[in-house]
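Dock chain B against the given chain A, drawing on the hints supplied.
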Amino acid sequence: MRSRTNKTKTILLYTAAILLFVYIIAPFLWLIIMSVSSSEDLTTRPLRWIPKRINLSSYAELLTMGINSRGELFLHGLRNSLVTALLAVAISMVVTIPASWVFSRHPGKKNLILYAAIFTFMLPPVAYALPLYRILSQIGLLDKSFSLALVYCTIVLPFCVWLIKENIDAIPYELEEAAIIDGAGLFTQITKVVLPLLLPSLGTVALLSLIMAWDEYFYAMLFTNSKQAITLPVVIANLASGRQSNYNLIAAGGVLASLPPVIIGFLFQRSLIKGLAMGGVKE
Amino acid sequence: MSKKTARNQILLTVPMIVIMGAVIGWPLIRTILLSFTDAQLMDSGTSGFVGLANFRNAITNEGFLASLKISAIFAFVVVTSEMILGTAVALLVNEPFKGRNLLRAFLILPWAVPTVVNAIMWRLIYNPEYGALNSLLTQLGLIDSYISWLSSANMALGAIIFADVWKNFSLVALIALASLQTLSSAQVDAAKIDGANALQRFGYITLPHLIPSLQVALVLRIIEAVKVFDIIYIMTKGGPANRTRSGSIFVYQEAFTNSRMGSGATYAVIMVALIMIFILFYMRIITKKR
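As given, the protein sequences belong to chains A and B, one line each in that order. 193 is the number that this note's numbering gives to position 188 of the first sequence; each next residue is one higher, with no gaps. 204 is the number that this note's numbering gives to position 200 of the second sequence; each next residue is one higher, with no gaps.
These aren't lab readings, by the way, just hints derived from the structure by calculation. Warning: the hint list may mix true and false statements.
Claimed, not checked - Restraint-style ranges between C-beta atoms, simulated for each label pair:
id, chain 1, residue 1, chain 2, residue 2, range
1, B, A70, A, F271, 35 to 43 Å
2, A, Y28, B, R288, 34 to 42 Å
3, B, G199, A, D187, 56 to 64 Å
Virtual Cβ for every residue (Gly too), placed ideally from N, Cα, C.
Here chain A stands alone, though its shape is the one from the complex (with noise of 0.2 Å):
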């Protein structure tokens, strides 16, 4: 009787595990395979769901710096992603480190700002994008990364403080104490002491912040519409919105966009999601 319900319980589990991974999988690997199918293979009827042979031209178009090409445009996205991104986080995160510091060790009237900060993480990006349109085009910052990178800063920043102070709350405060008897002043005792704690989750805070700008479409779409600063969600969404039918070419701007993020995921699993879980998985 006990072996066959267990017996029952492993056939079970393993149908769960089969249909789980066929869900999670299936998806993302139709869009790899039609990367390599050619036109004619995705528009046929029954569909061809294993390609004649793998055809990579759509990679090497999208990867080809040629005048007004795709590939112009997409390469170009790439690098003004990058760029975008990076400069978000970075101006974020010398901002938020400081700020984090004085919120996490000199609680009061000052919190008031952390709360305001993760409260406009809940509010929707169309708040504050009609203003932001209508300055930006009477100074002539549209169409900048620079001047995106800041706009993605309403996004990664409330992230980041509120992230950063959780951090520093599990720093010991005894530390920075020993430091002070030894004379540190204020700038040594938050560069010598805390921050190489610190580091670590820093690197978590940047890698999470990095995905979310690189995800970014709402304020790319609005305040970017040539190669200086389109961003690659732009590019890839324009190009799955024409009337066109190469389904191949989009699939590969689709999985080129996934493989930073997904890289990452793949290799920091365990610390992104500890620094997801961030308050709540203490208490």
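What follows is chain B alone, placed relative to chain A:
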């Protein structure tokens, strides 16, 4: 506290306050001011103060009310599905079986795929002429003719919800799994010895242990879901016949497609107010329980 430390504390927060003021505080105030005007997208200072006229129009605009309803339905169905599926998946991959580590590793994949790519991927899958879903269902003999999933008034929102759940259940599952891994097996074993069945063990030990981290996941997901724009905009642009037009998409269309900044701002302000009320209400409930 000495004067010097007080000054230092202010100095350390100033850079953040400046950036926040520039990109968050100031635009938010401007949006509120805009909502009382008839400003156009590209006017040269000719916009006039119209008082509460925009607000009077907004609360009687059926399109707007319908879009709020769509945001609410989307958020409710998506978040509920993701919470249930995510928790179930976490419990599953917490059990010992062969290949478990591989499955756990792949759980990060849907979360890592960018929102725009997810939307495009599912749009290709739902394609009415050559989409994989139509082909699969036909080959399995489940449907006779191809279906235009995203152009059907009855199915478009459901199809988008399915795509969103695929990407975001994984976040819930990963957060819940991280919490399950800190649950001591001694506690579960003790309950087993006391004769608690699987359901009782789940209800009295596992679930209470999971709740704090599930709350974090819930808050993160609700915040994202009520603001929904990207996935819908890319999959259907709000169509067919506005049946998938969320609140955010409505505001965008009013301000940028119809070039009515003033009333667009009004709709944005109303949306923000509703989200604020909702979150404050929600926080009250949570803090009361503690």
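For which of the previously enumerated hints does the structure constitute a violation, in increasing order of number? none
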